[in-house]
Amino acid sequence: MYISGQKHQSVFIGLLVILILAAILNLYSGSIAIPLKDIWNIITSDPTRSENYEYILTEYRLPKTITSIVIGFGLGISGLIIQTFFRNPLTGPFVLGISSGASLGVALLIMGGSLFGSIHHLYSLSTPIAASLGSFIVLSIVMITARNIRNTMSILIIGLMFGSFTTAIISVLSYFSSANELQQYIFWSLGSLSNLRWTDVSLLTGIVMISSVGLLPIIKSLDALLLGENYARSMGISIKKTQTIVFLITSLLTGSITAFVGPIAFIGLAIPHITRLIFKTSTHKILIPAVGIIGAIIMLICDSLTHISVGSKTLPINAITSIFGAPIVIWLLVAKSKTTRS
Amino acid sequence: MTQSALKSTALDIGFGTSKKTTCICRQVSFNLNKGELVCLLGRNGSGKSTLLKTLSKILPPLSGSIEIYEKNIKNVSSKELALLISVVLTEKTLETSLTVYETIALGRQPHTNWIGKLSNNDINHIEASMALTETKDLSNKLTHQLSDGQLQRVMIARALAQDTPVILLDEPTSHLDIHHKINTFRILSKICKKTQKTVLISTHEINLALKNSDRLLLIDQSELSIGKPNDTKIQKRLTTIFNSEDIRYDLNTNQFVF
Numbered sequence: 000m001y002i003s004g005q006k007h008q009s010v011f012i013g014l015l016v017i018l019i020l021a022a023i024l025n026l027y028s029g030s031i032a033i034p035l036k037d038i039w040n041i042i043t044s045d046p047t048r049s050e051n052y053e054y055i056l057t058e059y060r061l062p063k064t065i066t067s068i069v070i071g072f073g074l075g076i077s078g079l080i081i082q083t084f085f086r087n088p089l090t091g092p093f094v095l096g097i098s099s100g101a102s103l104g105v106a107l108l109i110m111g112g113s114l115f116g117s118i119h120h121l122y123s124l125s126t127p128i129a130a131s132l133g134s135f136i137v138l139s140i141v142m143i144t145a146r147n148i149r150n151t152m153s154i155l156i157i158g159l160m161f162g163s164f165t166t167a168i169i170s171v172l173s174y175f176s177s178a179n180e181l182q183q184y185i186f187w188s189l190g191s192l193s194n195l196r197w198t199d200v201s202l203l204t205g206i207v208m209i210s211s212v213g214l215l216p217i218i219k220s221l222d223a224l225l226l227g228e229n230y231a232r233s234m235g236i237s238i239k240k241t242q243t244i245v246f247l248i249t250s251l252l253t254g255s256i257t258a259f260v261g262p263i264a265f266i267g268l269a270i271p272h273i274t275r276l277i278f279k280t281s282t283h284k285i286l287i288p289a290v291g292i293i294g295a296i297i298m299l300i301c302d303s304l305t306h307i308s309v310g311s312k313t314l315p316i317n318a319i320t321s322i323f324g325a326p327i328v329i330w331l332l333v334a335k336s337k338t339t340r341s
Numbered sequence: 000m001t002q003s004a005l006k007s008t009a010l011d012i013g014f015g016t017s018k019k020t021t022c023i024c025r026q027v028s029f030n031l032n033k034g035e036l037v038c039l040l041g042r043n044g045s046g047k048s049t050l051l052k053t054l055s056k057i058l059p060p061l062s063g064s065i066e067i068y069e070k071n072i073k074n075v076s077s078k079e080l081a082l083l084i085s086v087v088l089t090e091k092t093l094e095t096s097l098t099v100y101e102t103i104a105l106g107r108q109p110h111t112n113w114i115g116k117l118s119n120n121d122i123n124h125i126e127a128s129m130a131l132t133e134t135k136d137l138s139n140k141l142t143h144q145l146s147d148g149q150l151q152r153v154m155i156a157r158a159l160a161q162d163t164p165v166i167l168l169d170e171p172t173s174h175l176d177i178h179h180k181i182n183t184f185r186i187l188s189k190i191c192k193k194t195q196k197t198v199l200i201s202t203h204e205i206n207l208a209l210k211n212s213d214r215l216l217l218i219d220q221s222e223l224s225i226g227k228p229n230d231t232k233i234q235k236r237l238t239t240i241f242n243s244e245d246i247r248y249d250l251n252t253n254q255f256v257f
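As given, the protein sequences belong to chains A and B, one line each in that order. The opening residue of the first sequence carries number 0 in numbering that gives the first Met the number 0; numbering runs sequentially from there. The opening residue of the second sequence carries number 0 in numbering that gives the first Met the number 0; numbering runs sequentially from there.
Since the hints were derived computationally from the structure, they do not count as laboratory data. You may find that some hints are simply not true.
Dumping the calculated DMTMM-like pairs for lysine to aspartate or glutamate here, alpha-carbon to alpha-carbon at most 25 angstroms [as the list claims (entries may be wrong)]:
id, chain 1, residue 1, chain 2, residue 2
1, A, Lys-284, B, Asp-121
2, A, Lys-240, B, Glu-79
3, B, Lys-56, B, Glu-244
4, A, Lys-279, B, Glu-90
5, A, Lys-6, B, Glu-90
6, A, Lys-240, B, Glu-90
Chain A on its own, in the form it takes in the complex:
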């Protein structure tokens, strides 16, 4: 009669079906058209399968599809736990200075050359390393500044301040950099899912899986936090412990995701909203897997949409997530307020 577990179950099954369909759509979409029949042949290892198609599929499309699923999952859950922890629906995984730190790292790598003498950034891993270092350093500064502050709102504002501080440094850097460097930086900041190889994909998958498991011990605390810190404390929740785990997991998730695919906008902020509207619950036992699956679905669809091609070029993923995502959230919120009024 109360929490209809059966209803949630059927929604989950529906979402998993959509996830599989979205993954197939994602494998199907790309600058080279591979007929569905050939995809099927490759999946079933049919002897008549085309080797060219198989190469494209296993070396390009499949890593990209898995990347989409993994980062949609990771950004969704880190957005959710940050929103719950700060009890603020406007926050996302990037409020702690993670994305601005990563951007600063990459900006220094690409554009700092003209200021500090050239740094070799030709190695394929130098961008992820610069991004991780940048986000780690900025996040550490935010955490050290905030360590004695009990008020979570102040921590939020400190994170935002560091964000604008680093953005300002990036502006100064870009003002002094060459057109070529600037273009390189902008391309990184637009995000790209297509340059990941299998080693990167498995590393990212591992991090997201570990982080998800790390969330299990704080599911109860997150639920209690919905009533505010004082109530949570009165129910035996340690705020400090929860805060540490929340910050560690979000920084691990968003830091590594940003490092590999660039700062992906919107997903972390919006997916929790979409999920709450669909599931009409705030219980994290349900929300965490739901947010992960819906994040993966939306990321797959957004990535597929980058191939509605303008010639042979693909659209930047970061633009797609916002262009298609923002109207969806607005529409959902308007529709929701209509139903509550009637």
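Starting from the structure of chain A, add chain B where the hints point.
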């Protein structure tokens, strides 16, 4: 023999930052017994909420000690304390899409396993506290759809579901209609007597407090006094705290008249 449930010794309460502390009440010493309902009365800003928050370990005491069941709360872990004290606070919970049932079920958190699975016993407690607070009809509503009064009853139900020997309530009836005001006092005093719980309620409902409480705790100008409602010393102090030209304490009916 009545036993002490909550005891404060030479307690200084207040709040402060690292530079400046504001002490609201000094040398507070009192003793609340098992099975006792005590109402905390005082003017706005006299320190009622601060006292309740200090007793529930949300605020640290400036000095002095608090003992719950003869254990200093300093040495009681927050998990253990959650099994001893439940609270109803004045702060407005943020709009969330938690249902009423889920909110009340959160009260069972200290009793549930690591993932928060509700046992049959938990469900019985939840349903019993919903029945007491008349919140059963609301169970599927989202908390942000409730009126202030309904929400207050839900938060009382949540505290009852936590099933602790000590319940601290900070103005739990401020938004309630007269029926639910009376009902809240009645169920709290019933629970108190039946299960030997200790209930401390801060309230502005002086007449309901006079009628329902075993003892009154008066807080005024950083001084605290405690005594039975029919104690003449307490009654005299009450009149000095609240008596103004607009209200009058009627000794015959033992209530304030406006």
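**Study point:** Pair hint outcome, A/Lys-240 versus B/Glu-90 [Cα-Cα no greater than 25 angstroms]
**Key:** holds (23 angstroms)
Check your understanding: Does the alpha-carbon distance linking A/Lys-6 and B/Glu-90 stay inside the 25 angstroms limit?
Key -> Not OK: A/Lys-6 and B/Glu-90 at ~33 angstroms, beyond 25 angstroms, violated.
**Study point:** Hinted pair A/Lys-284 and B/Asp-121, Cα distance within 25 angstroms
**Key:** Satisfied, since the Cα-Cα distance of roughly 18 angstroms is no more than 25 angstroms.
Point to revise | Proposed proximity, B/Glu-79 with A/Lys-240 (alpha carbon, max 25 angstroms) | key: holds (16 angstroms)
Check your understanding: Between A/Lys-279 and B/Glu-90, is the straight-line Cα distance small enough, at 25 angstroms or below?
Key -> holds (24 angstroms)
Exercise for review: Sort out whether B/Glu-244 lies within 25 angstroms of B/Lys-56, counting only the CA atoms.
Suggested key: violated (38 angstroms)
In summary, the structure is inconsistent with hints 3 and 5 from the numbered list given earlier, while agreeing with the others.
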